[in-house]
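Student: Chain by chain, the residues:
There are 2 protein chains.
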Amino acid sequence: MSAHPRPPHQRLSLNQATIKYASLAEALDVARAAGYASFGAWREPVAEVGLARAVELVTASGLRLSSLCRAGFFTAPPGAARQAVLDDNRRAIDETAALAAAGAPGSRAVLVLVAGGLPEGDRDLVGARSRAAEAIAELAPVARAAGVTLAIEPMHPIFAADRGVVSTLGQALDLAELVGPEIGVVVDTYHVWWDPQLPAQLARAGASGRIASFQVCDWMTPLSADSLLSRGYMGDGHIDFAAITRMVTDAGYDGDIEVEIFRQEIWDAPYAEVAARAAAAFEATVAPSLP
Amino acid sequence: MSAHPRPPHQRLSLNQATIKYASLAEALDVARAAGYASFGAWREPVAEVGLARAVELVTASGLRLSSLCRAGFFTAPPGAARQAVLDDNRRAIDETAALAAAGAPGSRAVLVLVAGGLPEGDRDLVGARSRAAEAIAELAPVARAAGVTLAIEPMHPIFAADRGVVSTLGQALDLAELVGPEIGVVVDTYHVWWDPQLPAQLARAGASGRIASFQVCDWMTPLSADSLLSRGYMGDGHIDFAAITRMVTDAGYDGDIEVEIFRQEIWDAPYAEVAARAAAAFEATVAPSLP
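Line order of the protein sequences matches chains V and C. In terms of full-length UniProt numbering, the first sequence opens at residue 1 and continues consecutively. In terms of full-length UniProt numbering, the second sequence opens at residue 1 and continues consecutively.
Possibly wrong hints are sitting among the right ones.
Cβ-Cβ distance ranges computed for the label pairs, FRET-style [as the list claims (entries may be wrong)]:
{"id": "1", "chain 1": "C", "residue 1": "V142", "chain 2": "V", "residue 2": "E120", "range": "37 to 45 Å"}
{"id": "2", "chain 1": "V", "residue 1": "Y21", "chain 2": "C", "residue 2": "P77", "range": "38 to 46 Å"}
{"id": "3", "chain 1": "C", "residue 1": "P181", "chain 2": "V", "residue 2": "E273", "range": "53 to 61 Å"}
Residues from chain V shown here face chain C by an in silico Cβ test under 8 Å; the list is partial [to be verified]:
{"id": "4", "residue": "R123"}
{"id": "5", "residue": "D124"}
{"id": "6", "residue": "D162"}
{"id": "7", "residue": "W219"}
{"id": "8", "residue": "T221"}
{"id": "9", "residue": "S227"}
If you're looking for bench data, these hints aren't it; they were derived computationally from the structure. Since the structure is predicted, the reported quantities are computational estimates derived from the model, not experimental observations. Virtual Cβ for every residue (Gly too), placed ideally from N, Cα, C.
Using the sequences provided together with the hints, build the complete structure.
Tutor: See below:
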């Protein structure tokens with residue numbers, strides 16, 4: 001690394017998952033030391049220290065909160081397991097409100113929702129998708145009361161079986177429109193870059209003001225053996241960040257942009273190096289297409 | 001295996017890729033010995049023996065030809081490489097016509113087209129998709145004159161970067177409609193099962209008579225390290241074959257149904273065992289939903 005790297009773009013947020021093995025305190029320190037203005041939190045490191053301490057850490061960091069990842073996993077059939085999930089989502093809404101209030105001005109009270117996969121032995125994709133819709137509808141008034149935006153994250157179809165049955169931006173928007181005007185969507189380049197309907201659906205998302213989060217990382221080939229980890233720094237793979245950034249901008253999104261990379265080599269690298277490389281990759285690929 | 005397995009469903013076709021290491025002669029023998037009435041050929045084993053000999057083998061087998069896999073790979077920029085690809089596709093059209101004429105009555109002169117991925121270092125997905133459309137438009141009159149149906153195969157978005165930039169059935173139909181009424185599409189459960197638009201797009205494909213091939217295999221998790229090989233016998237994974245088979249049937253498709261499984265363990269198993277297991281899996285999952 002150069003001694004004086006250019007400071008990160010001020011809309012860039014370091015998502016905790018990019019430095020997955022850092023504690024919340026470490027991750028906030030890394031982001032601040034690298035010059036980031038914003039941070040995307042994950043629930044597990046928050047839970048490790050407890051919400052009260054996490055709130056203190058976020059406040060002390062001086063960083064904005066860009067989102068909290070993640071809740072959801074809504075596809076269990078009716079019963080105790082589903083009820084437990086809904087209760088956990090209510091807690092996640094409270095956590096989001098508390099952490100966003102603790103962040104610097106401009107913090108976003110956005111809770112990222114992953115739909116969940118097919119239950120074990122269940123092949124009824126339509127049914128699983130319906131249960132996700134019902135769960136979001138049930139949580140919507142809770143989120144509204146807490147001032148939290150629920151943001152549905154469409155996941156790449158590679159995850160439809162085992163992680164997320166909401167597979168396209170169009171489907172996420174259908175679902176959001178079904179539930180209510182306050183439900184948002186997450187645009188994660190890794191999940192949506194391939195979609196021939198992306199231009200039309202981003203415009204649609206923009207027209208209804210539903211883009212609640214924009215996350216960036218690249219699609220790398222050959223795929224990693226664990227395909228969930230087949231992500232990389234922007235510019236290292238196949239995604240046209242200029243095109244997607246322009247579309248998201250044209251759709252009216254002007255909030256923080258999270259770099260969220262799941263990749264073993266990146267997790268294994270020193271945190272400060274990762275933060276600096278992510279900022280440089282953003283500067284080279286995304287920033288030139290921002291207003 | 002039982003001594004007298006039930007004969008395969010008469011609409012079931014054994015695709016050569018399921019017993020990838022067999023020669024064309026071996027594969028035809030395996031299919032016939034197992035009681036199949038139809039066979040899906042691949043170009044490489046045909047090329048190994050030469051087209052004239054392949055024609056003799058197909059005729060001698062008494063089997064129908066359900067399709068020839070595969071041509072396409074249309075995304076190279078203009079130049080010699082692209083011209084070579086188009087020439088190769090013209091040869092593939094001739095091969096399809098010859099092999100279908102050699103097959104038993106009811107053979108289908110269907111050539112499966114895979115769009116191809118992004119050229120090395122190229123991130124312009126829209127441009128690559130346009131070049132695929134242009135190539136198909138150029139080949140359409142050649143295919144028409146030869147009595148061959150060009151069948152565009154949408155590939156799972158996992159392959160958008162490196163294998164197939166046509167990612168959904170809807171996109172394949174857009175492309176087919178752009179080119180002409182005689183262009184078909186391939187419905188491969190592995191590639192399309194996750195698509196929330198599948199019911200609508202299958203109905204659309206049926207209304208314009210464009211379903212040229214129906215291929216079945218299951219989506220297995222966890223994904224294989226080589227995710228291309230993450231397929232399995234129908235019933236072993238997450239796909240709802242009853243639902244998809246009913247939709248394809250309701251869309252008016254009444255042709256052969258190919259079992260096409262890419263999976264290392266299956267390739268490594270004795271061919272006859274694979275042919276029998278595929279037939280049994282079809283009987284259990286697809287056949288009950290056929291008229």
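Student: Which hints, by number, does the structure contradict?
Tutor: 1
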